[in-house]
Every structure is written in C-alpha cells, then in structure tokens.
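> Below are the chains, spelled out letter by letter.
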Amino acid sequence: MTTGTTAGPVVRLEGRLWGLTRRQRTTLRTTLPVVVLFLPPALLLFTLFVVLPMGEAAWYSFYNWNGYGEPEQWVGLRNYEFVLGHKVFLTALQNNGLIILVSLLVQIPLALWLANLLAHRIRGALMFRLIFFLPYVLADVAAGLIWRFVYDGDFGIVSGALQVVGSEPVFLLAERETAIWAVLAVIVWKYFGFHMMLFIAGLQAIDKEVMEAAEVDGATGWQKFFRITLPLLASTVRLSVFFSIVGSLQLFDLIMPLTGGAPGNSTHTMVSYLYQFGVVRLQIGFGSAVGVVLFVISVTLAFTYRRIFMHHD
Amino acid sequence: MTSRPASGAAGLRPDALRQSYIYAALILVAAIVIIPLAMTALGGFKTLGELRTNAFGLPRNWQWSNYGDILLSERYWLQMRNSLVIALLTVGLTLATGSMAAFVFAHVAFFGSRYLLNYFLLGLMFPAATAILPLFIRIRDLGLIDTYWAVVLPQVAFGLGLSILLMRNYFRSMPKELFDAAFVDGCGYIRFFWRMTLPLSRPILATVGIISFVSSWNSYILPLILLNSEEMYPWPLGMMVYRGEFATDWQLVLAFITLTILPTVIAFFAAQRHIIAGLTAGAVKS
Chain A
1 MTTGTTAGPV VRLEGRLWGL TRRQRTTLRT TLPVVVLFLP PALLLFTLFV
51 VLPMGEAAWY SFYNWNGYGE PEQWVGLRNY EFVLGHKVFL TALQNNGLII
101 LVSLLVQIPL ALWLANLLAH RIRGALMFRL IFFLPYVLAD VAAGLIWRFV
151 YDGDFGIVSG ALQVVGSEPV FLLAERETAI WAVLAVIVWK YFGFHMMLFI
201 AGLQAIDKEV MEAAEVDGAT GWQKFFRITL PLLASTVRLS VFFSIVGSLQ
251 LFDLIMPLTG GAPGNSTHTM VSYLYQFGVV RLQIGFGSAV GVVLFVISVT
301 LAFTYRRIFM HHD
Chain B
1 MTSRPASGAA GLRPDALRQS YIYAALILVA AIVIIPLAMT ALGGFKTLGE
51 LRTNAFGLPR NWQWSNYGDI LLSERYWLQM RNSLVIALLT VGLTLATGSM
101 AAFVFAHVAF FGSRYLLNYF LLGLMFPAAT AILPLFIRIR DLGLIDTYWA
151 VVLPQVAFGL GLSILLMRNY FRSMPKELFD AAFVDGCGYI RFFWRMTLPL
201 SRPILATVGI ISFVSSWNSY ILPLILLNSE EMYPWPLGMM VYRGEFATDW
251 QLVLAFITLT ILPTVIAFFA AQRHIIAGLT AGAVKS
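Order-wise, the sequence lines are chains A and B.
So in my numbering, spot 151 of the first sequence is number 151, and the numbers just go up one at a time.
So in my numbering, spot 244 of the second sequence is number 244, and the numbers just go up one at a time.
Hints may be right or wrong, so weigh each one.
Residues on chain A that point at chain B, a partial pick, calculated with CB under 7 Å [unchecked claim]:
# : residue
1 : PRO71
2 : PHE252
3 : VAL299
Okay, the calculated beta carbon distance ranges per label pair [stated by the list, open to error]:
# : chain 1 : residue 1 : chain 2 : residue 2 : range
4 : B       : LEU88     : A       : ASP217    : 51 to 57 Å
5 : B       : LEU88     : A       : GLY218    : 53 to 59 Å
6 : B       : PRO203    : A       : VAL216    : 37 to 43 Å
7 : A       : ASP217    : B       : ALA109    : 36 to 42 Å
8 : A       : VAL106    : B       : ALA16     : 26 to 32 Å
Quick caveat, the hints were computed from the structure, so don't treat them as lab data.
Quantities reported herein were computed from a predicted structural model and do not represent experimental measurements.
For every residue, glycine included, the Cβ atom is placed at its ideal position computed from N, Cα and C.
Just chain A, with the same shape it has in the complex (with noise of 0.2 Å):
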C-alpha cells in the first residue's frame, strides 16, 4: 500500500499544501496508513472490555441496580458505606495481606533457598526444578479441588498420615481456626515454584568470578548467600514482592473450589468476595463499589510499590 517515498504526483508538488511542508506531507503519506490500519483493533478491544467496563463500574457503584433496565436508583456512597463497614469485607481485605505476608516471610525465602540448592552442579538439578515448577502450571481450579481432597477429613490424605500414626482426623478446611491458614499452605505450594525460577534466572547473571573471588577469600556459605547473592539479586526480590502483591490482590480461582469463602465467610479475599456478595446475587451496583474499591487498592499499591521500591530498576 505504501510502496514508495518519491514517486507520485502529490509528493513532486513544490512548497506547503495544507500547511504542511513536504517533508511532514511524506511521511504523514507513509505513516498514516500503517497507525490507521494497526492501531484500531487493539484500541478497541481494549476500550470496550477493559477501560469502559472500568469507568461503568465507577457509575453502577452509586446506584442500586439489579442489571435489567437503567440504572435509577440513585443511593449516592451508601455501597460505599457498606462495602466499608462489612465485616466479611473486612476479613477480606486482612486475608489480602496475610497473603502478602506469607509470601514475603514464607514463599520468597523458601524460593531463594532452593533456587540456590539447585545452583550447585548436582545430578538432577533440571529434574527438580520441573518438579518445583508444575504446580504453577496446573489450573488454580484444579490445585484447589486437589487440595480439598488432600485437606478431606474423612478421605483425604492428611487425616490419612494422622491415621497412620494413630491420631483422630482432622477437618482443616472445616474450623475457623485452621482454614486460613490451609489456604495458605496451598498458595505457597502453588506459587514458589514461579518465584524459584525468577531467582534461578536472576542467579544466572551473576558472574561467576565475583564467586570465584569470594571463595578464594575464603568466604563462608552465609557470607556468600548475603554478602554478594542477595544483594545481587535485589531487583529479582523486589519483582517477586511485586507479583506476590499483584497476585494476592487477584486471587479467586484457588479460594473458590477449596472453601468458598467457608467457614463462616472466613477465607474470602476480596475478589471471591466481589464474587459472593455482587455477582451471585446480581447486585450490579454494590458489586461495582466493591469492584471499585478493589481498583483504588490495587493500582495505589501498585504504583506507590513501583515507585518507593522499583524506580531504577
């Protein structure tokens, strides 16, 4: 379509046409064909399914709207209330950061840990790290109905183990107390294979020398580990704090086969929460709040992390 640059009549023409100097005239002739082709379809794809939506649900948020018909009935911030001062809500939002917390304190020192087992030349290095990675690859779904077998009281294997060594079952997913805290389990099994291999890859771009160096100084395992990986591999832990944020905050599939938020609401997070109260009882416009809020959460967590802890990487 754009063939050439010099030829036709239209370029030929001395002086300005339409106030544009020659130069401007070809490659606007050039250019414009290629921006006016590409760029639309993905322009709008993108705004009808992710940018409208967005904006509509700022809209929905102040209304009471079961979705058929308009929207008209205006109840200003009362969602907003709501959402604000419901406890389930609240629990939500905690079990948000625990999430966080558990990955900062558990998920990232254990992925550290063994991605720097696997570093030294051993047989079957490549093994365990296909081992470590599979349960990422495996539907958050499936990892979740896996577990609630696993976690079965009466059938699964965790009662089995106990069984074996003579103590009664145990219904983890069942009691308060403990269902949390299983979830939790499942997303560290689920998820540190990923952060594992971000480490590997960050460990193959250190240079070897600086090791060599160290260990002909006669550095300790400890002093290695802190002195020269962990500072090396700073920009890699800052990336792997940075998805377990942005993965907390979107966590849904695992929650919803393994307790549904069960018992007594106690392990929503904020997306199946979104789910229970706004989709499952088509309330479009409390749904909208909370989607809203969850928003304002997510992308002031994500730039104020961006900012304070990734700028320069």
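Let chain A serve as the given structure and place chain B on it in line with the hints.
What follows is chain B alone, placed relative to chain A:
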C-alpha cells in the same frame, strides 16, 4: 531466561556431606509437591471405601472403570474441546491485534504514541475482576453471553497490555539498518511488518502465545460469569460442576481431575523449556 547449561551456572561441585544435605532438602520439597498429585491420580483407581482406609497404598483392586467411564463420556471431550477452541481463538486474536499495535508503537513516531502506549499499560495495573459486573452487562447487551466470543474478547483485551509491551520491546531491538535498507528499497511499513518483522519475531510470538494460551486454558472467573450452558463450559468450570454432582464420590472426582490436568502435565514435560522460559520471561521483561 538464558539457555545456559542447566546444571548450575554459578556453583562448584559440593562435597559429600553438603551434597547429601542438598538432596535431602530437595527430595523433601519434591515429595510435598508430588504426593498430593500422585495420590489424586491413584485415588481415582480406588473405591470410595478404600480411599478412607488406604490413603497411601496402591489400590487393592484397580478400578479402571472410574477412568474408563469418564473417557467414554461426552462431557469430558466436550469440555476439552471448548477449552481448546477458546484458547486458540484467544491466542490468534491476541497475536494478530497485539503484534500490529506493538509494531506501530515500535516503529512509527506519531503524535500521542507515548500516551496511547501508557493507556494500554494501564491494563497491567489492576485485576480483571474489578470490572467484571459491567463487563457482564456489556457482553449481555452485545448478545454474546454463552458464546465463545464472550470469553475470548475480554481475555484478549486484558492480555493486550502485557502482549504489546513484550512485542514492542522485541521489535525495537531489531537492528535499525534493516528497516532503513528496506525503506530505501521502497518497502512500506505494512510490507515490512509482514516480510521482516513477523518472520524475525518468532521467539517473542511464541512467548506471547504461550502466556495467553496457558492463561486462557486455566481461566475460570470469566467463563464462570459469561457462560451459562454446560455445553459451552471449558474444563475448569466443568470440573467444578462435576465435583458438585459427585460431591460424595471422591474417587470419581479424583479420576476426573487427573484426566483433565493430564494434557497440561504432558504438554509441560514435553515443552518444558519453552513453557518455563515463556512464563518467566513474560514476567521479568514486563
């Protein structure tokens, strides 16, 4: 990810004591990963009564019919087909629209291109679930509820931010001389895109393709809200329905889980290098 030799780039060969510590640790973690999966697969061969009494052993009588019945049932194949169709449409549309937009952002300087790119990157900042209800209303008003497109279009839209970012960065890293030479020879942007950019960008197209395939194959919340009838359900939804129907028959549910995740596991081990590189590179480069 670089493709350096797998066996530890930085490390030396550890001594015997340290080696046994490393293996003990690795085997322990591997066991925690594998035992739930293995017991799920084995549990599918047991009877319900045996699940209760014999949690870890091999089945006394292998119940092949648990698996056989599912494999002979229509629903299993239908779900797999639905998932596959949705994933392929998602990948195709993501690659087509994403690569074109990325090409413009990489090579064409026009007024406002920077703002437009940032506009797309907005999509990376918040979870898809935030706007799920308005999305439902929109899809419903478009008359798309219960069609493949109901799931495909939003999935593509939500994946565009990352896809465009990854592809733009790759396109930009191509030598500029290539472009200048083609341009002097009278090759326009669009022809350059077809003849040069796409053929030279197979690695990044594969990465984006893998990311969008895996996330579509595993996705749950969008189909849950945008599909109504069971004939349209992809496997994660079908699995939940099956579990709801056979809530008390864990052995059947386990067989069903095993059969539905089997393709993922096989594909993972068959193409592990590409899948791991794709999924982690996508994360690191974003």
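> Any hints this thing doesn't respect? Which numbers, in order?
1, 7
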